[in-house]
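From first to last, the protein sequence lines are chains C and U.
If you're matching positions, the first sequence starts at 1 in this note's numbering and goes up one per residue.
If you're matching positions, the second sequence starts at 1001 in this note's numbering and goes up one per residue.
It is worth saying that the hints were derived from the structure and are not from the lab.
The reader is advised that the hints may include incorrect statements.
[What the hints assert, rightly or not] Each computed SDA-like pair below joins lysine to any residue, with the alpha-carbon atoms no more than 20 Å apart:
#: 1; chain 1: U; residue 1: K1002; chain 2: U; residue 2: G1012
#: 2; chain 1: U; residue 1: K1037; chain 2: C; residue 2: F58
#: 3; chain 1: C; residue 1: K133; chain 2: C; residue 2: F58
#: 4; chain 1: U; residue 1: K1041; chain 2: C; residue 2: K133
#: 5; chain 1: U; residue 1: K1041; chain 2: C; residue 2: L198
#: 6; chain 1: U; residue 1: K1037; chain 2: C; residue 2: L175
#: 7; chain 1: U; residue 1: K1037; chain 2: C; residue 2: D130
#: 8; chain 1: U; residue 1: K1041; chain 2: C; residue 2: M171
[Said to hold, decoys possible] From the derived model, a few chain C residues whose C-beta atoms are all more than 10 Å from chain U:
#: 9; residue: G14
#: 10; residue: Y181
#: 11; residue: Q202
#: 12; residue: L204
[What the hints assert, rightly or not] Rough simulated footprint, nothing fancy, chain U against chain C, three-plus residues with beta-carbon under 8 Å:
#: 13; region: 1–12
#: 14; region: 30–42
#: 15; region: 65–77
#: 16; region: 98–106
#: 17; region: 116–124
Think of the CB as a built atom: it goes at the ideal place given N, C-alpha and C, for glycine as much as any other residue.
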Amino acid sequence: MHIPDGLMWPALLGIGWIISVGAVWYALRKTRLTLARERIPLMALLGAGIFVAQMLNFPIGGGTTGHLVGAALATIVLGFAPAVLVLALILIVQALLFGDGGVTALGLNMLNMAVIGCGVARAIYGRSSDSGKHLAAIVAGWAAVLAGALACAVELGASYWASGGSYGIPMAIALPSMLGYHALIGVGEGLLTSGIILYLHQVLPEIFASPRGQLA
Amino acid sequence: MKTTRYIAALVGIIILFAIGLELFFLFSAGYGDGLEKTLEKAGVEEGEPFFRAPLDYGDDYASAFLAGIVGFTLLFILAYAVGRFVIARRAA
């Protein structure tokens, strides 16, 4: 779901930068207030783990692949604000060091995968009951991917419309295609997220017990 | 969490990555992701990047594994540094 350079209408790229820089600034300020010192290694471990997980594309049929985005996983374990920072760092390293996602599109990629992805995951998981946490993790993972894909599709359609066809693609193609593929990719994301959360609950239950930073 | 558990977790992730990468090259290395397939449907080809990144994920197992280890290490250091910086700003 990493948007390359040259695909989106330049003004939309600027809007993406403004929103995501604002969101990362908010996340930094919020993390400063809520992150417990002992959770910093966990934040680093998740960042590194999600980076390598994003490299492992799995087939979803029809010659298409998807990979774990990790927004829901990071949000459930770290809380919203640190999760946005971790996802933003991953996207910055991917764009600047590995050419995965365009540098000019970094703002929109951070908006779609970090800000919207973590926000949706936080909204769903944060409202779940204790008995429904594992189902909520699946739904949060699925919805975070789908929401990011929906945002990307709208950006593609809006770019096409605003530029008179010079950028983006028609909404009639972007919306059903992006949502169709990512509804399937999201199932993988939801199952992986829930599986990892279940595993972490077994081996490191204390990381979920800390009230500081949790879903901040 | 004790340091030994962190080291075990880091080693565990690297082992899972090594296995997952093998499966990736067996089953899905040649396929595009959801956005790439959508662009393909619309007949749009990816243009030249605005900025040429110094590395890529590589086309074979060894280079992709190396890229993964470089990114893994860098992300761990960066996220740790950002966490420490944020805490330091709180203390200041």
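How the hints compare with the structure:
{"no.": "1", "hint": "U:K1002 <-> U:G1012", "result": "holds (15 Å)"}
{"no.": "2", "hint": "U:K1037 <-> C:F58", "result": "holds (14 Å)"}
{"no.": "3", "hint": "C:K133 <-> C:F58", "result": "violated (25 Å)"}
{"no.": "4", "hint": "U:K1041 <-> C:K133", "result": "violated (38 Å)"}
{"no.": "5", "hint": "U:K1041 <-> C:L198", "result": "violated (38 Å)"}
{"no.": "6", "hint": "U:K1037 <-> C:L175", "result": "holds (13 Å)"}
{"no.": "7", "hint": "U:K1037 <-> C:D130", "result": "violated (39 Å)"}
{"no.": "8", "hint": "U:K1041 <-> C:M171", "result": "holds (12 Å)"}
{"no.": "9", "hint": "G14", "result": "holds (14 Å)"}
{"no.": "10", "hint": "Y181", "result": "violated (3 Å)"}
{"no.": "11", "hint": "Q202", "result": "holds (13 Å)"}
{"no.": "12", "hint": "L204", "result": "violated (7 Å)"}
{"no.": "13", "hint": "1–12", "result": "holds (count 7)"}
{"no.": "14", "hint": "30–42", "result": "holds (count 10)"}
{"no.": "15", "hint": "65–77", "result": "holds (count 3)"}
{"no.": "16", "hint": "98–106", "result": "holds (count 6)"}
{"no.": "17", "hint": "116–124", "result": "violated (count 0)"}
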